[in-house]
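Visitor: Letter 25 of the sequence shown, counting from 1, is numbered 25 in full-length UniProt numbering, and no numbers are missing.
Do not rely on the hints blindly, as some may be mistaken.
Cross-link-like lysine to aspartate or glutamate pairs, in silico, EDC-like; alpha carbons within 20 Å at most [unchecked claim]: (1) 52 - 19; (2) 52 - 3; (3) 52 - 71; (4) 52 - 27.
Just so you know, these hints were derived from the structure itself, not from any lab. Here the structure is a predicted model, which is why all the values come from computation and not from measurement.
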Amino acid sequence: MVELTEDSPQVMDQLRSPEMLSCSVLEGYWILYELPNYRGRQYLLRPGQYRKFSEWGSMSGRVGSLRRATDLY
Numbered sequence: 001m002v003e004l005t006e007d008s009p010q011v012m013d014q015l016r017s018p019e020m021l022s023c024s025v026l027e028g029y030w031i032l033y034e035l036p037n038y039r040g041r042q043y044l045l046r047p048g049q050y051r052k053f054s055e056w057g058s059m060s061g062r063v064g065s066l067r068r069a070t071d072l073y
């Protein structure tokens, strides 16, 4: 298990695998991006358990970057 608490333009720097198969969001909202440097498909995650990548709407567990969502309208 890896705990990420800050924005990361290169998730592979922290993960041992090219895929994130599950995750838990403890607080706030986070945006996962398929590609590094905040590119590619985006997935908005709210607090909760995501036991498999399809629960956040992805077809694969590929995550290249992530950041906290600060402005929600």
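Visitor: Against each hint, give a clear statement of whether it holds in the structure.
Guide: Hints, one by one, checked against the model:
Straight-line distance between C-alpha atoms of residue 52 and residue 19 comes to about 11 Å, which keeps the hinted pair within the 20 Å bound. With a C-alpha separation of about 17 Å, the suggested pairing of residue 52 with residue 3 holds against the 20 Å cut-off. Using a Cα cut-off of 20 Å, the hinted pair residue 52 and residue 71 is violated, with the two alpha carbons roughly 26 Å apart. Among the hinted pairs, residue 52 with residue 27 is consistent with the structure: their alpha-carbon atoms are about 19 Å apart, no more than 20 Å.
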